[in-house]
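Protein chains: 2
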Amino acid sequence: MASSDQDVTLLSSWASPFSMRAKLALLLKGIEHEDLPQDLGNKSKILLESNPVHKKVPVLIHKGKPIAESAIIVHYIDEVWPGTSPLLPKDAFLRAEHRFWTDFIDKKLLDCLMRFMRGDAKNEEFIENCELLEGAFTKLGNEEEGPFFGGVRMSFLDVMLAPYAVWIPGIAGVMGLKPASQEQCPRLHNFFQAVLAHPAAKLALPTVEALKEFLVARSAVYRGK
Amino acid sequence: MASSDQDVTLLSSWASPFSMRAKLALLLKGIEHEDLPQDLGNKSKILLESNPVHKKVPVLIHKGKPIAESAIIVHYIDEVWPGTSPLLPKDAFLRAEHRFWTDFIDKKLLDCLMRFMRGDAKNEEFIENCELLEGAFTKLGNEEEGPFFGGVRMSFLDVMLAPYAVWIPGIAGVMGLKPASQEQCPRLHNFFQAVLAHPAAKLALPTVEALKEFLVARSAVYRGK
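Protein chains in written order, with full-length UniProt numbering: chain C, 1 to 225; chain S, 1 to 225.
Mixed in with the good hints there might be a few duds.
No farther apart than 27 Å at their CA atoms in a straight line, the calculated lysine-lysine pairs in the DSS-like style are these [to be verified]:
#1 C:LYS107 with S:LYS122
#2 C:LYS108 with S:LYS43
#3 C:LYS43 with S:LYS139
#4 C:LYS45 with S:LYS108
#5 C:LYS108 with S:LYS55
#6 C:LYS63 with S:LYS90
Treat the hints as calculated values from the structure; they're not laboratory data.
Okay, chain C solo, but in the shape it has when bound:
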């Protein structure tokens, strides 16, 4: 389903976990696109015009029409370019599960990490969230088929969780977060290793080292100083 004339542009910011999702989905589908990296400290006219409500990245612009919010963008990509291996499963109940855990990542995991960075969340709360995700792997993913929720291929929920393969080690390195151990969350651990080794994820995600540098520069902001 590679395409050369689809008129696809991605407004993104390299350290944004939401931007990484959109970029990863485009790469997994083989969709040619133009990247327009955004300076979030000095928002561009195209960003303000294409996402006037939230003024945030990522925004996918397809044939002149803007789509915002990472999970909505990945839904859109999957619907417009289903290809031979759609990201969302066919079964309606499994689709609901992928959406449920996406919502969990955005509402619980990310919120907990943001509060940890500000000094307002305990490490235990983060571990509890990881254990819930470990349970989702046990329920949805077949370990024998591969490390992802989608088996050997990344599926919708894999794309949603992938950015944390660099964000969690980044926060661990810079702000002292203690990640879940391999013993506590073996499936989650294998997932993150597989993400870091995945060709498309290597292009869509920054290195942990680069993210650490970003977090060092931003740590004063996160801590409200």
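Following the hints, position chain S against chain C.
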């Protein structure tokens, strides 16, 4: 697409705007189901077991499998029982818009109303959110075709916004919120009037009077007293 043997149960709470969405979608599709109203002050075993992560209503249980989170439930209902008039439009860009404004309602409109009830948001912020929704109507709904985003029929986004047809007047009556005027937001005003007159919405939503009584009883809690 009415069904009598689908084994559908809805765990809900009558005043919950999220529960109203799930109930309304079931009624619009003509899906027979059992209602299991929940006492949120004394959570039932079935609620805790079917939504162990959030422990919240609504939960739809279909053939023994639980689905949580209202927007995810309505997606599920639309996918399992598409019928002759699916709630989500066919066009991928319009689907993205329905999802975007659903997210806006949950993140911005509801958040603003909750903060208003606690005394932490100004009325102007609420009006600004209503004006953004008015813009969504202008963009997505064809006024000549009917009062809903879906024209004469309720669509996905109509279901998502419908509960505010009673919640906004409820908060106005009990806590002094000043709603957007008909002049400020004519399409939104027409939408809420059409919801209050819609047969399925009349069954899925409580009356404004009942919601006011609920809010009077809860106002001390909302204000953190």
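Hints, verified against the model:
1. C:LYS107 with S:LYS122: The hint holds at about 25 Å.
2. C:LYS108 with S:LYS43: Given that 27 Å is the threshold and the Cα spacing comes to 21 Å, the pair holds.
3. C:LYS43 with S:LYS139: holds (24 Å)
4. C:LYS45 with S:LYS108: OK: C:LYS45 and S:LYS108 at ~23 Å, within 27 Å.
5. C:LYS108 with S:LYS55: Within the cut-off at roughly 14 Å; holds.
6. C:LYS63 with S:LYS90: holds (18 Å)
When each numbered hint is compared with the structure, no violation occurs for any of them.
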